[in-house]
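Read top to bottom, the protein sequences are chains A and B. When the letters of the first sequence are read in order and numbered with numbering that gives the first Met the number 0, they come out as residues 0 to 156. When the letters of the second sequence are read in order and numbered with numbering that gives the first Met the number 0, they come out as residues 0 to 286.
Just so you know, these hints were derived from the structure itself, not from any lab. As the structure is a prediction and not an experimental result, all values here were calculated from the model. There could be a bad hint or two in this list.
[Claimed, not checked] Taking lysine to any residue pairs in the SDA-like style, the calculated list, with each CA pair at most 20 Å apart, reads: (1) B:157 x B:138; (2) B:270 x B:245; (3) A:8 x B:13; (4) A:8 x B:55; (5) A:4 x B:3.
Each chain, written out:
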Amino acid sequence: MTTQKILLKLTVNGEARQALVHPMSRLLDVIREDFCLTGTKEGCGEGECGACSVILDGSLVNACLVPAIQAQGSTMRTVEGLAGVDLSPLQQAFLHHGGAQCGFCTPGMLVAGTYLLETDAVQDEDRAREGLSGNLCRCTGYVKIVDALLAAREGRP
Amino acid sequence: MRGQPSLCEVLTPLNLAEALALLAAHPEARPLAGGTDLMVPFAAGRLPDRLFLNLWDLEELRGIVVTDGEVTLGALTLFREIAAHPLLQREFPNLVRSAMVTGALAIQSRGSLGGNIANGSPAADTPPSLLAYGAELELTSLRGSRWVPYADFHTGYKRSLLAPDELITRIRLSRMGEGGFHYFRKVGTRQAQAIAKVSLAAWARVADGRIQDLRLALGSVAPMPIRAKGTERILQGQAIRNLPLDAALAALQADISPIDDLRSSAAFRRKVAGNLLVDMLRGLAPT
Ligand SMILES: Cc1cc2nc3c(=O)[nH]c(=O)nc-3n(C[C@H](O)[C@H](O)[C@H](O)COP(=O)(O)OP(=O)(O)OC[C@H]3O[C@@H](n4cnc5c(N)ncnc54)[C@H](O)[C@@H]3O)c2cc1C
Ligand code: FES
Ligand code: FES
Chain A
0 MTTQKILLKL TVNGEARQAL VHPMSRLLDV IREDFCLTGT KEGCGEGECG ACSVILDGSL
60 VNACLVPAIQ AQGSTMRTVE GLAGVDLSPL QQAFLHHGGA QCGFCTPGML VAGTYLLETD
120 AVQDEDRARE GLSGNLCRCT GYVKIVDALL AAREGRP
Chain B
0 MRGQPSLCEV LTPLNLAEAL ALLAAHPEAR PLAGGTDLMV PFAAGRLPDR LFLNLWDLEE
60 LRGIVVTDGE VTLGALTLFR EIAAHPLLQR EFPNLVRSAM VTGALAIQSR GSLGGNIANG
120 SPAADTPPSL LAYGAELELT SLRGSRWVPY ADFHTGYKRS LLAPDELITR IRLSRMGEGG
180 FHYFRKVGTR QAQAIAKVSL AAWARVADGR IQDLRLALGS VAPMPIRAKG TERILQGQAI
240 RNLPLDAALA ALQADISPID DLRSSAAFRR KVAGNLLVDM LRGLAPT
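Bound-form chain A, shown alone (with noise of 0.2 Å):
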């Protein structure tokens, strides 16, 4: 026997979005499956690796830690609304200092160093590093993603 499902609406990257869920489904499930936003990933599924950070009302969360019911009415930006027209500053810096491998931790990467330019989180290497250190890399080293965070900050490709 299966329980209800509940309408889960939010806003997804500005939009009004809704899906009927099981109110204990993960946030990254229903991003990835009912919204068929895919670039959030499942790395570890236990709150270690970052790979599906999301901002959900102004916070950085690992969505899967999030159950459904908990986003109920929230607003929640993903690695898809990071761009406008153009990439954002910071992933324009991504590319030019090779802040991505193989990509698998990028999405992650970018949405939690938007997370932590915007609340002026990267003040210095030390705090950018310290703000990333929930997003795990097994390619690049981190040194050029945290070189991309710092150049992304001061403004500077």
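Using the hints provided, position chain B with the ligands relative to the given structure of chain A.
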């Protein structure tokens, strides 16, 4: 196996009174705060619960209230809010530091103080600080509410005073003014998001060159977070220029009962706990 959301129901009360009534009617419902502990075993199919009580919307459980004598934190206070609170930074720096080392930013944005306590992990980061500050907990059910010393709350591994129909509603700290001695240190595998192998928090007041008050607490060295009361007794009243270090270290070894597990060995934990005590006392009595 994966979690099975299709078999689960969630009760979402809009206020505390409703939450307590639901919990009284369904004491088997598992409270769900930020989900940073629960969602991991849930998604892996390791959580037996099928009915949840969603606390996330309960405004009564949020907020930090400061009065002349006390600071009271709602159980849903998030680590991020603790870390950013100027008065807590000044008067309860151990709590702030322990909140700042609890996972990374995304965990601090969802993880709650009440969840950290209720989860009952011996390795949790805020409990030693709360013990060192002599915190009290408010436990509330439809039957009423009671304040208990946090030092009495954990009664064994993942066991506590919390009845099935009760929620942790608030956490209270007595303000002790500025100028006391505060020490918090967590030893883990790496800086970010590592679970503690050993952590130690202390608060002390020194007057006339002697330790007047001391509370010392540790994580990951017993089935639950503990006060090191034997060690406290040895050090209480002693002159800081002439502390009985050997006796204190021996008392500490009697206060703790670490085990071997995946993260570390009992012998290593005993060694590190002793080193942290020495480090703490060095800070208390700088030469
Ligand atoms: C990647 C990762 C890293 C982490 N790092 C750390 C760390 O470094 N240090 C650390 O201490 N913890 C860490 N945690 C664990 C977790 O984030 C904390 O324990 C957090 O405080 C849990 O709070 P929550 O609100 O998310 O609780 P939930 O997951 O919602 O609940 C946890 C438990 O508490 C119960 N509960 C919650 N609120 C109440 C209440 N008000 N009354 C009664 N019962 C209640 C729930 O039923 C459940 O049993 C980490 C978790 C993850 C996923
Ligand atoms: S998939 Fe969510 S943190 Fe790894
Ligand atoms: S680029 Fe491959 S994990 Fe980061």
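Against the structure, the hints:
no.	hint	result
1	B:157 x B:138	17 Å, holds
2	B:270 x B:245	14 Å, holds
3	A:8 x B:13	18 Å, holds
4	A:8 x B:55	17 Å, holds
5	A:4 x B:3	13 Å, holds
Comparing the model with each numbered hint stated earlier shows that all of them hold.
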